[in-house]
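Enquirer: Sequence:
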Amino acid sequence: MSISVVAHRGDSEAARENTLEAFRRAVEADVDWIELDVRTTADGHSIVLHDATTLRLWGRPSEVARMTLDEVQELGLPGCRIPTLAESLQTVTMANAELGRGVGVLVDTVDPADALVALRTVRSNAHELHVRWFGATDAMLAIREADEGAVVAYNHPGGTLDADLLNRLRPDTINVEWVLATAELAETVHGMCRSLAVWTVDDAEAMAWLVQIGVDAITTNRPRLLRELLRHDISPLSVAWTDATQLAGRAGITEETACWIAVARDLAEWTNGFTRTSALGTIRTKAHAADVVTEVDEAVERHVREVIAASFPDHLVVGEELGGRPEAARPVWYLDPVDGTTNLANRLPWTSMSLALAVDDRPLVAVVCQPWLGQVYLAAEGLGATTNGRPAEVRRADGLAGRTVLTELDAHRPWEGMGSFVSGLADEHATTRVLGSGTLAMAAVGLGWAAGALVHRFNPIDHLAGSLISHEAGAVVLAQDGSRQLFPSTGGLLVAAPGVEQQLVRIWGDARS
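Per UniProt numbering, the very first residue in the sequence shown carries number 1; after that it's consecutive.
Misleading hints may appear alongside valid ones.
Quick list of the computed label-pair ranges, beta carbon to beta carbon [stated by the list, open to error]:
1. T188 x T404: 47 to 57 Å
2. A309 x H429: 26 to 36 Å
3. G499 x Q375: 24 to 34 Å
Hints were generated in silico from the structure; no laboratory data involved.
All residues carry an ideal CB built from backbone N, CA and C; glycine is no exception.
Based on the provided sequences and hints, a complete structural model is requested.
Expert: Laid out in structure tokens, this is it:
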């Protein structure tokens with residue numbers, strides 16, 4: 001099934017919305033349609049602007065309907081101004097010609113008078129463009145009355161579709177807010193020989209679900225992300241936020257496994273919000289003065305334990321703050337509620353929560369979250385890894401020169417051989433970084449942030465989740481003896497992009513000796 005990518009007000013992730021630059025960038029992003037909004041100035045010109053005033057984007061609390069075109073185009077800076085609809089149509093036409101594209105324009109309007117002014121402009125300036133009309137029903141009825149051949153959409157507010165209205169309007173597309181979309185609605189709309197379009201969707205998880213239920217067009221502020229997802233296989237993990245039955249069916253796994261994944265993902269999302277917004281409370285020390293713990297660490301661990309106990313009563317938890325012991329053949333969740341507590345205590349925005357499910361030495365599910373980026377990294381055995389639903393994939397590295405390799409301290413001190421390891425990397429023109437979260441270091445290779453990552457002593461609480469994420473993304477994970485394994489019983493662990501693993505093994509070996 002072909003799904004249309006609709007750039008909401010142009011590529012508004014790359015440029016200010018509804019500007020000529022946003023429209024040019026949208027054509028570059030290989031979208032199918034550009035959605036833009038129209039208003040009419042006091043002197044009768046159709047301009048491209050969503051709001052009734054120029055306050056939000058342009059800093060002047062003036063009503064567009066009371067402004068002349070000259071007054072409107074005084075706002076902004078050269079190269080970034082409110083364009084006319086005519087300029088916008090010409091810009092898309094020229095960009096199509098330059099790049100060999102066939103991007104169409106969706107004109108969105110809420111007012112019948114604005115619609116009719118825009119229609120006259122389109123007739124004069126869009127001879128080489130496909131143009132469709134979206135917006136309020138009254139505006140679409142005005143377009144239909146003025147032009148029998150216009151292609152219009154019906155913005156459906158939910159509930160039962162109005163057959164009489166559809167007969168009057170004759171839309172080719174039913175357009176709904178994405179939270180109203182269902183597989184049943186898609187089936188109904190397709191049965192009427194119409195397309196189902198949704199607005200406005202900006203995260204990969206929602207995009208993946210909408211693709212799965214059968215929508216025909218998705219309007220988004222992130223057209224490059226949507227195009228990337230459509231060009232590649234969408235990860236089944238992208239629908240982990242819906243329900244276990246859907247995930248199990250899409251991924252070909254048992255509902256039990258799907259429940260493990262879904263709970264892990266939801267716990268990470270909860271942790272992101274809690275960690276970002278909670279007071280640190282009393283900051284205490286544990287083994288020594290550099291080993292700190294906050295009330296956030298303890299609260300997150302208690303919450304995770306409570307959810308796991310309620311969801312999976314036969315599972316065990318081994319945590320950083322409250323301890324626990326694994327048992328043979330029992331499912332065990334390894335948890336670090338705040339990996340990077342020193343960073344958190346010093347307000348450095350680089351911390352994570354690390355949670356991995358394993359049976360004995362076999363990791364099954366892993367989730368890591370980065371609260372300050374608002375990201376959730378999820379992996380499951382055999383299902384790959386995702387970042388907020390976007391598939392993660394490691395690219396092969398041809399060498400270490402110019403690349404970064406991560407490592408972590410031994411608590412607050414360098415680990416034995418760390419200086420030699422850094423020197424060995426420097427000889428290869430690679431740079432070392434110590435960022436303060438071991439699980440993020442392990443995950444970083446899979447996320448494309450580093451060519452390698454090394455911890456001198458593996459601990460499943462701190463490192464198992466990150467290493468499974470990188471492994472599922474295609475990284476090479478090696479124990480200290482050079483064997484491929486994710487859960488070594490002793491020694492350190494190396495994660496590397498394919499192509500540089502042997503260089504890193506050699507440098508690590510030289511450092512140890």
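Enquirer: A separate judgement is required for each hint: does it hold in the structure or not?
Expert: Results for each hint:
| no. | hint | in the structure |
| --- | --- | --- |
| 1 | T188 x T404: 47 to 57 Å | holds, 52 Å |
| 2 | A309 x H429: 26 to 36 Å | violated, 50 Å |
| 3 | G499 x Q375: 24 to 34 Å | holds, 26 Å |
Taken one by one, the earlier hints fail for this structure only at number 2.
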